[in-house]
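Trainee: One line per chain: the protein sequences are A and B, in this order.
Mapping of the first sequence onto the UniProt record's numbering: position 256 corresponds to residue 256, and the numbering continues sequentially without gaps.
Mapping of the second sequence onto the UniProt record's numbering: position 324 corresponds to residue 324, and the numbering continues sequentially without gaps.
Just so you know, not all the hints are guaranteed correct.
Note that the list lumps identical chains together, so a pair holds whenever it fits in one copy or between two copies.
[As the list claims (entries may be wrong)] Within a straight-line C-alpha distance of at most 27 Å, the following computed DSS-like cross-link-like pairs (lysine-lysine) qualify:
| # | residue 1 | residue 2 |
| --- | --- | --- |
| 1 | Lys131 | Lys317 |
| 2 | Lys144 | Lys85 |
| 3 | Lys116 | Lys190 |
| 4 | Lys97 | Lys5 |
| 5 | Lys144 | Lys321 |
| 6 | Lys146 | Lys85 |
| 7 | Lys317 | Lys97 |
| 8 | Lys321 | Lys131 |
In short, the hints are calculated from the structure, not lab data.
Quantities reported herein were computed from a predicted structural model and do not represent experimental measurements.
2 protein chains.
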Amino acid sequence: MSDNKIIENENIKSIAGTFSRAPFQLNALLESDAELIQFDSENILAMTYDAIVEEIEEGLYTDNYQIGWMAVTTSVSDLAAVGAKVLGLLLDLKIPKEFRNTDLSELQRGINDACKFYGCHILGGDTNANKTLQIGSTAIGFCKNKLMRTGMQTSDILYTSGKMGLGSSYAYSRFMGDAKIEYLPKAKIKEGQLLSKFASSCIDTSDGLFPAICQLMELNNLGINLTTPLNDILHKTCLKISEEKQLPNWIFMCGPHGEYELLFTIPSDKIKKFETEAKRINWNPTKIGDVDNKSKLFTNVDGFSINIFDTTNLYNKNNIKSPQQYMVELLKLDKDLRL
Amino acid sequence: MSDNKIIENENIKSIAGTFSRAPFQLNALLESDAELIQFDSENILAMTYDAIVEEIEEGLYTDNYQIGWMAVTTSVSDLAAVGAKVLGLLLDLKIPKEFRNTDLSELQRGINDACKFYGCHILGGDTNANKTLQIGSTAIGFCKNKLMRTGMQTSDILYTSGKMGLGSSYAYSRFMGDAKIEYLPKAKIKEGQLLSKFASSCIDTSDGLFPAICQLMELNNLGINLTTPLNDILHKTCLKISEEKQLPNWIFMCGPHGEYELLFTIPSDKIKKFETEAKRINWNPTKIGDVDNKSKLFTNVDGFSINIFDTTNLYNKNNIKSPQQYMVELLKLDKDLRL
Chain A
1 MSDNKIIENE NIKSIAGTFS RAPFQLNALL ESDAELIQFD SENILAMTYD AIVEEIEEGL
61 YTDNYQIGWM AVTTSVSDLA AVGAKVLGLL LDLKIPKEFR NTDLSELQRG INDACKFYGC
121 HILGGDTNAN KTLQIGSTAI GFCKNKLMRT GMQTSDILYT SGKMGLGSSY AYSRFMGDAK
181 IEYLPKAKIK EGQLLSKFAS SCIDTSDGLF PAICQLMELN NLGINLTTPL NDILHKTCLK
241 ISEEKQLPNW IFMCGPHGEY ELLFTIPSDK IKKFETEAKR INWNPTKIGD VDNKSKLFTN
301 VDGFSINIFD TTNLYNKNNI KSPQQYMVEL LKLDKDLRL
Chain B
1 MSDNKIIENE NIKSIAGTFS RAPFQLNALL ESDAELIQFD SENILAMTYD AIVEEIEEGL
61 YTDNYQIGWM AVTTSVSDLA AVGAKVLGLL LDLKIPKEFR NTDLSELQRG INDACKFYGC
121 HILGGDTNAN KTLQIGSTAI GFCKNKLMRT GMQTSDILYT SGKMGLGSSY AYSRFMGDAK
181 IEYLPKAKIK EGQLLSKFAS SCIDTSDGLF PAICQLMELN NLGINLTTPL NDILHKTCLK
241 ISEEKQLPNW IFMCGPHGEY ELLFTIPSDK IKKFETEAKR INWNPTKIGD VDNKSKLFTN
301 VDGFSINIFD TTNLYNKNNI KSPQQYMVEL LKLDKDLRL
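Bound-form chain A, shown alone (with noise of 0.2 Å):
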């Protein structure tokens, strides 16, 4: 039933295989979460666009302040999983005629808090008109070593940057639930530096926890354990949410909506040194598991037993058309993981 291929990766390559690579260019298609450009001996640039559409189109950002905030978060995001500094950014703004002068002032309010709490600078981009708002950014940074999501070992230790799930609990209150979640998440731009110095791999999980743990599978065509169990990685906001309405942990690692952490991996030698650094800069990054030699094999110490390639296809092969929808094929999953 399941070939342990990410359909999306599949879409991706018919679409931009046919392009021939830069030469300078070290990363591949899908290898990093940002184009790595060697720019002279010493630097390399990061460069990446990322756009906010579907999910304004869907409801799930409505407030125009949040969707600023997120058109920065989502691109800076990108770099720290390459552990850049960041330059600058582009913004690509597609505004409706009916936009009101209050919109565009809570959308640059939501802009300019980012780039503050970034560190960085809008740099210049364009305008155009829109029927709906839509808006999107480059952001250009560089660094020295190159950190992708490729790389990993048998062996290397697996960890996030903190705790998992927000980005589904908060998706969660949009469309089934009653609860108001704040999501104004934050950029590893930090972690992701000190990450350039110490770890193997690095993706972001603004896709979620089991779509990057997929990715790293896939691009590096090893296997990953989760030893800790779920309920040690997940956010106290999933964890509550999943009590209150008895719903299973699981569902809130699927996606798509994640949450902008990093999953990342760190050689067995160099965990001693890196957690010292770590401390340091008063991080402290969840251990959740191992990289084994089984090929794109997913375990955890749950006790449950699921295909995480299948929940990440899950949007694409049931043409979900709702969020609804695709919370009914969750539910229908467990159950069968369950008889």
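Here the structure of chain A is known, so what remains is to put chain B in place on it, guided by the hints.
Mentor: Relative to the frame of chain A, chain B by itself:
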């Protein structure tokens, strides 16, 4: 009646003016076609994002090969205007669900051919589902000298990189005419690189010649004399349409759809050396006028007296809803001039 301000610039200031500028950015808002970042003591990074939205929506571009070509050309032309070498591009693809595989192939072929022509590569990007096709691109490059829209001085000589008005001719043929005109403009990359050694200011004519002249006048607070008759500046396709359809030649200079040539100024003591070097790359730029110290005043040898700030603002001021309405307004203006 006219206050000699470009309305579009005021719009841009109201959107982007609230963002604080990066200390290492060399250009202020509007001062250059691409954003210029002092990267190290030798290198300036040049970046720009540009999207094709209205052109597709209004039916100006309908051919997918052309749309792909234009998506690359529009941002590469901004790098040409700052004299940068192109490193590569990020694509922002918004594709309708009903977009066929053959449509996608044509789009990819246009993108690939343009990249091959400019000697650059697609580095990455983002794809989203959208109601209509929209495509944008971020181009990144680098340069050693700072070439901007600002910098021209009284008695500098004004040039265009080639004949003008093909963009307007193309728009005319799409919306008003019967003739079919091919439009696959080529960004002036190697010309721009030469200009970075000689020019005191430079802008591309993607919005048309008169709007480009207005920008130079407004940003430098100087006047420009067109000393060459318009007929000697106009592309032969313009001349043909203008003659056959009995249309005033100047309306082909008003934009807003231009042709991706460069408009630039050379200090008079550098003219000889510049023209020699231009010949060496088989380039024959057109001398069209000079710069004078009369603030934002435009004069020309054709005997018509027109305020090109008014023509540049026509679209915004008169709430233009269609190309046909625009043509009516231009012809009205022409009638007034001849009274």
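Trainee: Would you mind marking each hint as holding or not holding in the structure?
Mentor: Results for each hint:
1. With identical chains, the CA atoms of lysine 131 and lysine 317 are at most 27 Å apart between copies only, with a shortest distance of 21 Å across copies and 29 Å within one.
2. Taking the shortest Cα distances, lysine 144 and lysine 85 sit within 27 Å of each other both inside one copy (10 Å) and across copies (22 Å).
3. When the C-alpha separation of lysine 116 and lysine 190 is checked against a cutoff of 27 Å, the pair qualifies only within one copy, where the shortest distance is 14 Å, while the shortest distance between copies is 38 Å.
4. Taking the shortest alpha-carbon separations for lysine 97 and lysine 5, only the inter-copy value of 22 Å comes in at or below 27 Å, while the best intra-copy value is 42 Å.
5. For the identical chains of this complex, lysine 144 and lysine 321 are neighbours neither inside a copy (43 Å) nor across copies (51 Å), given an alpha-carbon limit of 27 Å.
6. When the C-alpha separation of lysine 146 and lysine 85 is checked against a cutoff of 27 Å, the pair qualifies both within a copy, at 13 Å, and between copies, at 24 Å.
7. For a Cα distance limit of 27 Å, the shortest separation of lysine 317 from lysine 97 across copies, 15 Å, qualifies, whereas the shortest one inside one copy, 36 Å, does not.
8. For a Cα distance limit of 27 Å, the shortest separation of lysine 321 from lysine 131 qualifies both inside one copy, at 21 Å, and across copies, at 15 Å.
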